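2 protein chains.
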Amino acid sequence: MAQALAGQGQVKAVGVVHAETSTGVLSPLHEIAQVVHHYDALLIVDAVTSLGGVELAMDAWEVDLCYGASQKCLGAPLGLAPISVGPRAMAAITQRTRPVQSLYLDLATVAEYWSARRQYHHTAPILMLYALHEALRLVLEEGVPQRWRRHAHLAAGLRAGLEALDLELFADPTARLDPLTTIVVPAQVDAAQVQRQLYQEYNIEIGGGLGELQGKIWRIGLMGHSCQISNVLLVLAALEQCLAQQGYPVARGAGVAAAQQVFAASALPL
Amino acid sequence: MAQALAGQGQVKAVGVVHAETSTGVLSPLHEIAQVVHHYDALLIVDAVTSLGGVELAMDAWEVDLCYGASQKCLGAPLGLAPISVGPRAMAAITQRTRPVQSLYLDLATVAEYWSARRQYHHTAPILMLYALHEALRLVLEEGVPQRWRRHAHLAAGLRAGLEALDLELFADPTARLDPLTTIVVPAQVDAAQVQRQLYQEYNIEIGGGLGELQGKIWRIGLMGHSCQISNVLLVLAALEQCLAQQGYPVARGAGVAAAQQVFAASALPL
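In order, the protein sequence lines correspond to chains A and D.
First residue of the first sequence? That's 1 in the numbering used here, and the numbers climb one at a time after it.
First residue of the second sequence? That's 1001 in the numbering used here, and the numbers climb one at a time after it.
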């Protein structure tokens, strides 16, 4: 990245995905922020999958602009993208000379909606805002750090179970994401057939690989409300069955047992 | 308009608001379309307030691109903008050479979402789509032309009532909009005070003038579910009271009586 930014002053902003769902990798935002700011650029973070599921310290990590989504780890209905704009990013927005092409994301005007002037920008989707408010109330009821711990704990159980089924995890151990776990599809297994069977027989939807990873990895999400022990145990039990039917050698019951061992070892109240 | 478009080939598209809510005026779309197409431009129509409330014949009137809103005359919750793209507009979209700046309104990619390829563009706000579906079901249950007639009929009653209170309507009689009626605020009356009183004492919200019309007109909406006889009668009765308290001479009961006369004269089932 340092090299990519070497033409100092030319790069105005760097966009990074915090929780990258096509690979299951977590980005080290604070380290990235230090490089980006060294070159006087702004750091824009996509926290769509991380918000509410893993630690996100926008101010401490010096993130300049951050947006999330309502429907993943926050557990609200689909349709909203919470956004937070830090002082450096806001200065860049208000000081720009070329008008924004999109009214929809004209943040300078949106900001006036919140000013004392209450300048009209858009008709707010009120029902969605009420739904998000209730979801955030539930987040606070659980406690934000406790929510991060729940996602970490259940992902640890899932990973232990998958490895006990002799499956290889895709993401590097140093950068694994809790709300989304990626698995290498064994060579002799039909990835799409397993996904179909999980969906049709167990009502479980897991993702496939995207782009060049198509057919090569699976992606299992544990986000917000769906991040429950019962879901971890069910997906391990179901996956074991699907793999066995395709002739992949699995130690029957090993996945569920390994996950239970992780859960039993923790005092985390779930 | 013909003059404005005289530099043939330079104007690519003309945008028109069908039901203009700041003035209460209905635009003659078919006539405008003929002028616009004479100059080989595309006609883009904002049907936010008209969709579901007044006749809108996109194909017959040769409108090229049309968008509406969920929350006005369709009666669904706020948050969606239905859009329809005709063949000429779609050709312009697919043939453009400069990439669209906004992913959000990249209609060529959105269209691929509906193609056989089902290419991902965005995570759909599913709850809103269900809500819109139910609202459209209710529209069909009433019948689309019947719904237009309901808006026309109740607006006629409202207008008769307002004139019986000796108030002057703002929009030209040849171009008055049914879902929104504009009224000239009498010289000796405090417009904002009337709005406040209507809201506080009767739970009725009417709009004020915007821009140079601020304090000079009122705007009364009768859209979708709110377009009911009871609302027309209540706003006339309440307005009469507010005007009388400010010393404006009103013939007491005249507004309600005039509206009732219009409603009684029609066989329209409400």
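The hints are simulated quantities; they were obtained by calculation from the structure and are not laboratory data.
Possibly wrong hints are sitting among the right ones.
Interface residues of chain A toward chain D, partial, derived using beta-carbon atoms under 10 Å [stated by the list, open to error]:
id	residue
1	ALA69
2	LEU78
3	PRO82
4	ILE83
5	SER84
6	GLY86
7	ILE93
8	THR97
9	TYR104
10	LEU107
11	ALA108
12	THR109
13	VAL110
14	HIS121
15	PRO125
16	LEU127
Per the computed footprint, the stretches of chain D lying under chain A, defined by three or more beta-carbons under 8 Å from a beta-carbon of chain A, are [unchecked claim]:
id	stretch
17	1071 to 1080
18	1145 to 1152
19	1218 to 1230
Model, not experiment: these values are computed from the prediction.
Backbone N, C-alpha and C define an ideal beta-carbon position, used for all residues, glycine too.
Structure-based check of all given hints:
1. ALA69: Since chain D brings a Cβ to about 7 Å from A/ALA69, closer than 10 Å, the hint holds.
2. LEU78: 5 Å, holds
3. PRO82: 14 Å, violated
4. ILE83: 13 Å, violated
5. SER84: 19 Å, violated
6. GLY86: 22 Å, violated
7. ILE93: 16 Å, violated
8. THR97: 17 Å, violated
9. TYR104: 6 Å, holds
10. LEU107: 13 Å, violated
11. ALA108: Because about 16 Å separates A/ALA108 from the closest Cβ in chain D, which is outside the 10 Å limit, the hint is violated.
12. THR109: Violated, because the Cβ-Cβ distance from A/THR109 to chain D comes to roughly 15 Å (cut-off 10 Å).
13. VAL110: 14 Å, violated
14. HIS121: 14 Å, violated
15. PRO125: OK, holds: A/PRO125 within 10 Å of chain D, min 3 Å.
16. LEU127: Since chain D brings a Cβ to about 5 Å from A/LEU127, closer than 10 Å, the hint holds.
17. 1071 to 1080: Contact hint for the stretch 1071 to 1080 of chain D vs chain A: holds, 4 residues under 8 Å.
18. 1145 to 1152: With 0 residues closer than 8 Å to chain A, the stretch 1145 to 1152 of chain D misses the three-residue bar; violated.
19. 1218 to 1230: With 0 residues closer than 8 Å to chain A, the stretch 1218 to 1230 of chain D misses the three-residue bar; violated.
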